[in-house]
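Chain by chain, the residues run as shown.
There are 4 protein chains.
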Amino acid sequence: MLQFAQFGAGRIGAIHAANLSASDHARLRYVIDVSAEAAETLAARHGASVADRATALADPAVDAVIIASSTDTHADLAIAAARAGKAIFCEKPIDLSLRRVDACLAAVRKARVPMFVGFNRRFDPSFRTLHERIARGDIGKVEQVIISSRDPGLPPLAYLEVSGGQFRDMTIHDFDMARWLLGEEPVEVAAMGSCLVDPAVAKVGDTDSVMVLLKTASGRLAHINNSRRAAYGYDQRIEVHGVKGRLIAGNHTPTTVELADGRAVSGDKPLYFFLERYAEAYRRELAAFIEAVRRKRPMPVGPEDGRQALVLAEAAVRSLREGKTVRVAATAKGAR
Amino acid sequence: MLQFAQFGAGRIGAIHAANLSASDHARLRYVIDVSAEAAETLAARHGASVADRATALADPAVDAVIIASSTDTHADLAIAAARAGKAIFCEKPIDLSLRRVDACLAAVRKARVPMFVGFNRRFDPSFRTLHERIARGDIGKVEQVIISSRDPGLPPLAYLEVSGGQFRDMTIHDFDMARWLLGEEPVEVAAMGSCLVDPAVAKVGDTDSVMVLLKTASGRLAHINNSRRAAYGYDQRIEVHGVKGRLIAGNHTPTTVELADGRAVSGDKPLYFFLERYAEAYRRELAAFIEAVRRKRPMPVGPEDGRQALVLAEAAVRSLREGKTVRVAATAKGAR
Amino acid sequence: MLQFAQFGAGRIGAIHAANLSASDHARLRYVIDVSAEAAETLAARHGASVADRATALADPAVDAVIIASSTDTHADLAIAAARAGKAIFCEKPIDLSLRRVDACLAAVRKARVPMFVGFNRRFDPSFRTLHERIARGDIGKVEQVIISSRDPGLPPLAYLEVSGGQFRDMTIHDFDMARWLLGEEPVEVAAMGSCLVDPAVAKVGDTDSVMVLLKTASGRLAHINNSRRAAYGYDQRIEVHGVKGRLIAGNHTPTTVELADGRAVSGDKPLYFFLERYAEAYRRELAAFIEAVRRKRPMPVGPEDGRQALVLAEAAVRSLREGKTVRVAATAKGAR
Amino acid sequence: MLQFAQFGAGRIGAIHAANLSASDHARLRYVIDVSAEAAETLAARHGASVADRATALADPAVDAVIIASSTDTHADLAIAAARAGKAIFCEKPIDLSLRRVDACLAAVRKARVPMFVGFNRRFDPSFRTLHERIARGDIGKVEQVIISSRDPGLPPLAYLEVSGGQFRDMTIHDFDMARWLLGEEPVEVAAMGSCLVDPAVAKVGDTDSVMVLLKTASGRLAHINNSRRAAYGYDQRIEVHGVKGRLIAGNHTPTTVELADGRAVSGDKPLYFFLERYAEAYRRELAAFIEAVRRKRPMPVGPEDGRQALVLAEAAVRSLREGKTVRVAATAKGAR
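Residue numbers (the working numbering), protein chains in the order written: chain S, 1 to 336; chain A, 1 to 336; chain U, 1 to 336; chain D, 1 to 336.
Be careful, since some hints might not be right.
All copies of an identical chain are treated as equivalent in the list; a pair is satisfied when it fits inside any one copy or across any two copies.
Claimed, not checked - Pairs of lysine-lysine, DSS-like flavour, derived with a Cα cap of 30 Å:
| no. | residue 1 | residue 2 |
| --- | --- | --- |
| 1 | Lys-324 | Lys-141 |
| 2 | Lys-244 | Lys-296 |
| 3 | Lys-141 | Lys-203 |
| 4 | Lys-203 | Lys-244 |
| 5 | Lys-203 | Lys-110 |
| 6 | Lys-324 | Lys-203 |
| 7 | Lys-92 | Lys-296 |
| 8 | Lys-110 | Lys-324 |
| 9 | Lys-296 | Lys-324 |
| 10 | Lys-141 | Lys-110 |
| 11 | Lys-296 | Lys-203 |
| 12 | Lys-92 | Lys-203 |
| 13 | Lys-244 | Lys-110 |
| 14 | Lys-110 | Lys-92 |
Hint data in this document are derived by calculation from the structure and do not stem from the laboratory. All of these numbers come straight from a predicted model, not from anything done at the bench.
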């Protein structure tokens with residue numbers, strides 16, 4: 001039975017804690033949060049104790065940590081956890097600064113602890129099936145990937161101001177999907193973006209509507225489109241084209257009910273947002289982490305994956321700013 | 001916190017026990033089963049004790065029972081639980097004999113205990129949405145209901161021999177769906193049936209392929225088709241036609257992945273069988289039972305619903321045998 | 001180049017005449033209609049002449065006739081055309097009386113002329129593909145057929161009064177589909193019906209909502225549901241279940257456009273009615289007739305098919321009236 | 001009745017000639033082709049005469065010309081037809097050289113004859129419905145357009161060598177769609193491309209797989225993906241995202257038949273290629289041309305549309321070569 005300390009008792013923290021509790025192989029021992037009240041509530045619900053960071057990391061009974069606190073604390077906590085010899089499950093992004101990500105990765109490598117980065121979409125049943133069927137050869141060699149990823153609405157401006165911008169905050173998930181499904185590292189990035197949803201977004205120096213192109217060394221191509229607005233809910237679809245055919249993973253809906261009336265034939269809108277669409281993905285990613293720690297197997301998503309997605313986001317920022325295609329190194333610094 | 005005793009530690013019992021454990025309002029106290037080993041295993045998993053029937057029913061701490069043992073024990077257990085003053089959650093069917101069902105209902109009425117009959121499909125998200133949207137007026141007054149309900153394969157012959165026949169064992173769920181969605185009691189039943197899957201089924205006097213028509217007093221019509229064979233999995237679809245349009249609830253699939261290749265554009269088969277398709281329905285029906293007991297509200301599916309579905313099954317048996325449309329009483333004996 | 005005389009210049013007549021004109025192998029020579037004006041207009045449009053029946057049938061240049069006049073004239077015209085040695089394309093039904101149908105079939109057999117009965121749905125691309133894929137073995141031996149066939153709205157009451165009733169007028173197409181797809185003659189018929197759309201229909205002794213069950217000698221089952229109302233247009237769907245799987249032919253839509261908005265994800269309603277849905281079927285059936293006449297091959301749909309569908313309709317009428325399953329002879333009188 | 005002279009008796013020429021013949025308002029008078037045999041065959045089929053260019057253009061009875069000959073002859077023929085005062089229906093592209101396009105446009109403007117450029121996709125029922133529903137306000141102001149346009153297979157290398165390259169030959173249709181649906185001229189173009197289908201394509205200096213981004217002055221974005229390979233047929237889909245929702249136009253299929261078996265639930269592949277998918281679009285575009293000429297209304301697709309699509313194609317060529325985002329003038333030279 002693995003013992004966990006969890007940093008962060010907010011919305012995502014609550015999900016991880018509940019999934020942990022449902023596992024036969026893990027137990028939540030400590031909850032650490034800047035809000036004592038949030039920590040208390042979550043700890044009580046799952047039979048854990050509230051602790052401070054030092055206590056939790058010093059306790060030799062703790063095997064692993066979940067880092068689900070605010071983004072700016074991820075790297076520090078990961079470094080501290082690595083030094084304490086704990087296995088690390090870290091929410092994405094590791095950090096918004098590549099320099100700090102590299103410092104974190106160095107500490108993790110030095111401590112030789114396993115680290116998992118929470119790219120939950122890799123564990124979504126539909127997207128995971130894409131990956132498995134590509135691996136199985138259903139469409140032959142991959143040629144093009146097309147990712148549509150659109151949020152139902154704008155987050156608060158206060159959030160946008162510290163988010164690192166749309167590419168680092170939102171597209172980063174799609175960069176990870178593109179890398180994972182292309183089966184090859186992108187080496188060129190071209191991006192366009194604008195502010196169509198709310199002019200206030202432009203005032204904080206961000207975009208709300210972007211499109212990206214990626215190209216790998218062998219010439220495979222990927223496209224990503226993002227919007228901070230989708231009146232019909234959370235639009236999460238991926239297409240992969242290969243020599244022998246095309247795979248599409250579509251949206252998920254609450255029911256299969258369809259109405260035909262005098263106006264149209266209509267079905268459910270997609271599940272509303274990431275908590276609904278990726279509920280199963282959150283369950284499965286934590287189970288995968290627990291399984292890998294227990295069996296001392298390689299992490300299915302590692303810190304270099306977190307780093308390389310950020311590299312692509314930074315290239316997109318630059319491409320947008322400079323109006324040119326930006327080349328990136330295919331090999332992540334210290335890659336696997 | 002409601003305390004439960006559960007009769008039956010088999011496949012369905014395991015599902016109910018797990019759903020009970022996940023509830024914030026219920027606790028599994030006793031497991032009772034003819035197999036001591038099965039009872040032990042299930043009790044251990046959920047922190048319950050193994051008991052015998054007398055002990056469990058005599059314990060005043062027990063608020064409610066789940067009857068998930070073999071069909072021939074349902075009525076007796078329900079009568080005993082009613083006399084002990086426990087709330088009853090009983091798997092369908094209450095019994096295969098209408099006489100024994102009536103005895104059970106009389107005992108339940110006399111004891112004034114709440115009784116829920118496990119027509120889980122009423123809690124399937126898609127089918128429940130049909131019901132809600134009909135109630136909301138999306139298609140106006142209901143005119144016709146069409147139910148396709150097809151199993152992936154034959155159960156063992158040993159099971160078929162004690163099942164009461166296809167109408168009582170399989171179609172009974174669809175009779176309940178038809179009553180629920182028609183919004184009016186069927187008063188006429190016509191049935192056809194044959195043995196197309198395996199001639200061995202005919203030898204035990206049963207059918208494996210049936211079609212039924214139902215008609216209500218005001219002329220609403222329903223059709224049910226059943227087969228004990230569906231090479232592609234579990235086919236569970238319902239259409240409802242009304243004055244203003246049509247609602248269809250389709251099959252559920254594990255993913256939304258679609259492959260286009262040189263042969264076809266193809267998607268997932270439906271979820272394999274009832275454990276997969278109705279996992280959510282099992283969760284929701286037990287939650288509905290717990291909620292109704294806690295808040296002392298009427299049961300959402302009562303013993304008269306169990307009885308009336310059996311009345312329709314018996315009429316179908318007679319229609320098939322006699323080659324004529326059989327009339328049934330619209331009002332269930334002792335109906336609500 | 002085959003020369004045609006066409007009886008009937010109404011709505012269906014206009015379709016056949018236009019399809020004839022587009023053929024490289026046929027020419028419309030005469031149009032005959034009770035309305036001189038309708039005949040003139042249609043003849044002028046396609047470079048044909050107006051004629052009376054005697055002239056048209058006496059002209060040795062005429063190879064074939066199309067009978068698209070009112071139902072009560074079909075049998076007489078077919079008999080006259082048979083005696084004149086013309087190949088016959090006759091709109092369904094041959095007649096509403098089985099006695100007169102038999103007289104017509106006797107005349108046709110005696111004259112040894114080919115006769116085609118216009119069950120156009122056999123030539124609908126989707127339904128035809130069902131038949132071809134069954135023949136190809138895609139689903140193994142057929143077990144059940146389910147036919148949904150629903151009109152957008154009621155025809156005028158004046159039409160209903162002479163239509164022969166819903167089974168003879170509307171269900172007759174579905175009886176033909178059932179026979180064709182079951183691959184075996186139905187020998188038992190059970191029917192239910194009511195008047196849900198308009199009470200005026202009951203006053204003329206008809207139904208507007210019916211459901212039928214059919215069974216073949218080997219136990220194959222079929223279901224048909226009909227309504228004279230479908231708020232969303234013309235609902236024409238067929239399912240065929242076999243040992244190895246299920247084939248479904250769905251509705252056709254004008255476009256593939258789908259809208260996702262704050263309310264739903266919605267697509268086109270089905271094509272409005274038979275003229276839209278079966279436009280291609282009308283083209284292909286006439287081409288098939290022309291081809292069969294030119295190459296002296298057997299008619300793909302013959303007069304016995306017209307007769308046997310009527311036999312099933314009459315059995316349904318009796319089943320509805322008498323409340324019992326009606327047996328019919330599997331072998332059409334004078335069958336092929 | 002408009003009289004037509006048609007240049008070109010090849011595959012597309014045969015389609016236009018047949019659609020012309022079916023019109024009540026047009027007649028094919030002359031066919032002109034470098035192959036006397038092809039001209040003879042087509043002329044004979046539609047009751048036209050074979051002529052040479054001079055004769056056809058000099059005949060005052062000729063109201064309009066269809067230019068469906070090889071691309072390198074389009075501009076010259078259009079100029080000659082303009083000088084002869086004929087209305088012009090010209091297959092796309094007008095020319096592969098912008099200079100020659102401009103010369104052609106100048107001649108057409110000077111002669112004040114109407115000219116239609118054959119962007120047939122604007123007349124595809126599904127794509128046209130997109131445009132109409134945007135105009136109707138179904139999705140509010142347009143924000144993003146995503147175009148997937150993929151051919152079933154490579155054309156012959158000999159064709160590729162004179163095609164002008166993938167952007168001018170294939171993407172040009174998609175540039176037109178993007179302009180039409182964005183409702184605003186693109187002013188920035190970024191492109192990536194590679195050779196994944198066949199290395200021989202690279203040898204002739206072309207690509208077979210490209211992705212493009214476009215941006216309008218107000219910040220609207222569009223993406224186009226193209227491939228010269230799609231194992232499942234002709235993939236032609238467009239998505240448009242607006243403030244209030246999303247419209248998608250999907251592929252068209254020959255039937256609606258769906259098979260569920262032990263492997264999957266599978267439907268038809270898309271129609272094979274442009275002749276199948278756009279058969280209706282070809283019919284409707286010619287009808288639109290005839291209607292506009294007859295009623296002296298503005299051409300629904302004019303020469304400036306042909307020019308501006310070429311401008312975007314040239315920008316894509318440059319973006320691909322130079323690795324930067326290329327700006328283009330929003331206003332077509334001599335725009336309407």
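Which earlier hints turn out false for this structure, listed by number in ascending order? Result: hints 2, 5, 8, 9, 10, 11 and 13 break, sorted rising.
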